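Participant: In case you want the letters, here they are:
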Amino acid sequence: MAPIAVGDVIPDGTLAYFDEQDQLQQASVHSLAAGKKVIIFGVPGAFTPTCSVKHVPGFIEKAGELKSKGIDEILLVSVNDPFVMKAWAKTYPDNKDVKFLADGSATYTHALGLELDLSEKGLGTRSRRFALLVDDLKVKVANVEAGGEFTVSSADDILKAI
Amino acid sequence: MASRILKRSMMMKSTVESLRIAAAAASRHYASVAVGTDLVSAAPDVRLQKARTWDEGVSSKFSTTPLKELFKDKKVVIFGLPGAYTGVCSAQHVPSYKKNVDKFKAKGIDSVICVAVNDPYTLNAWAEKLEAKDAIEFYGDFDGSFHKSLDLEVDLSAALLGPRSHRWSAYVVDGKVKALNIESAPSEVKVSGADVILEQI
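In order, the protein sequence lines correspond to chains A and B. The opening position of the first sequence corresponds to residue 1 in UniProt numbering, with each subsequent residue numbered one higher. The opening position of the second sequence corresponds to residue 1 in UniProt numbering, with each subsequent residue numbered one higher.
None of these hints come from the bench; they were simulated from the model. Keep in mind that a hint or two might mislead.
[Stated by the list, open to error] Listed next, the in silico DSBU-like pairs over lysine-lysine satisfying Cα-Cα at most 35 Å (straight line):
1. A:Lys140 with A:Lys69
2. A:Lys99 with B:Lys50
3. A:Lys54 with B:Lys103
4. B:Lys178 with A:Lys90
5. A:Lys86 with B:Lys129
6. B:Lys107 with A:Lys90
Just so we're clear, the structure is a prediction, and the values are computed from it rather than from any experiment.
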């Protein structure tokens with residue numbers, strides 16, 4: 001799959017999460033994003049440093065500002081199971097807006113063309129680090145990191161692009 | 001005469017049949033683990049990843065541990081579970097081993113090892129949350145190769161976990177399995193807890 005790009009319609013797919021009643025839910029991406037302005041950002045893995053210390057906190061901090069600029073949802077996707085995503089989300093008790101969504105088998109990540117083989121780090125197939133601005137399912141901004149860096153996919157970068 | 005020919009052809013057919021079955025069995029790549037299995041020779045190329053932080057991963061150059069290092073010349077109690085941060089694993093299985101670690105030491109056990117199909121960083125964060133790292137060594141089998149080589153893998157996609165392992169425990173001396181317990185349902189801890197294996201050592 002070629003990597004998702006500006007102008008594309010995002011593919012549909014199913015992501016899992018635990019809701020406020022601690023029930024396991026599955027949601028289709030299209031149902032979460034249709035008719036709305038959403039940010040979808042992806043990280044290689046829960047409990048790894050850049051993801052935990054820089055990427056995710058950046059979006060949590062700027063959530064208010066992003067919402068005031070018309071963003072309806074901020075969706076975080078990672079190739080982890082929903083139990084791990086729930087536990088990882090709990091390490092951010094102040095988070096109200098970022099939704100932690102599990103792409104356990106990397107199916108959605110593959111559909112976006114953003115998979116990355118991190119087997120030699122003991123991670124297996126994961127997602128690239130990226131941030132997308134999606135308006136009614138159409139990709140307006142696509143910031144995808146080339147490798148392990150954190151140069152284009154932060155909340156600040158996407159704020160500049162809105 | 002005809003009956004003798006018939007008998008001979010029937011004998012030949014059953015010989016062919018048993019050869020076919022033997023050939024099919026020999027072509028299986030993975031052996032089911034059982035009492036008596038030598039884990040190190042059953043899976044000579046398999047390596048596990050010690051639970052660690054990412055920084056430790058970087059400084060250790062993402063090194064992996066061969067099975068020989070974990071089992072050779074040692075008395076080991078090892079248990080496997082479907083997944084970090086899942087209910088039964090967190091609330092029952094790991095705690096049962098954590099609270100019995102002194103009893104294991106008293107029986108001459110060199111190490112208590114927990115293994116799961118998770119990456120070593122997630123496993124590390126979970127082990128720290130459970131405050132179990134002093135008692136138990138956690139190793140990740142991120143691609144399932146260890147469990148596959150022992151025929152202990154199970155598809156838990158219905159629970160949104162994907163390919164994982166059964167819940168199991170084993171007492172292993174110098175790499176040879178002396179006792180083995182596999183739960184019939186991954187959500188139970190009936191035979192794979194610390195109490196059962198303590199009796200088997």
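Participant: With reference to the structure, classify each hint as holding or not holding.
Facilitator: Against the structure, the hints come out as follows:
1. A:Lys140 with A:Lys69: Measuring from Cα to Cα gives roughly 15 Å; hence the hint holds.
2. A:Lys99 with B:Lys50: Distance of about 30 Å is within 35 Å: holds.
3. A:Lys54 with B:Lys103: violated (43 Å)
4. B:Lys178 with A:Lys90: violated (40 Å)
5. A:Lys86 with B:Lys129: holds (14 Å)
6. B:Lys107 with A:Lys90: The given pair, whose Cα atoms are some 39 Å apart, is violated under the 35 Å limit.
When the structure is compared with the earlier hints, violations turn up for hints 3, 4, 6 and for no others.
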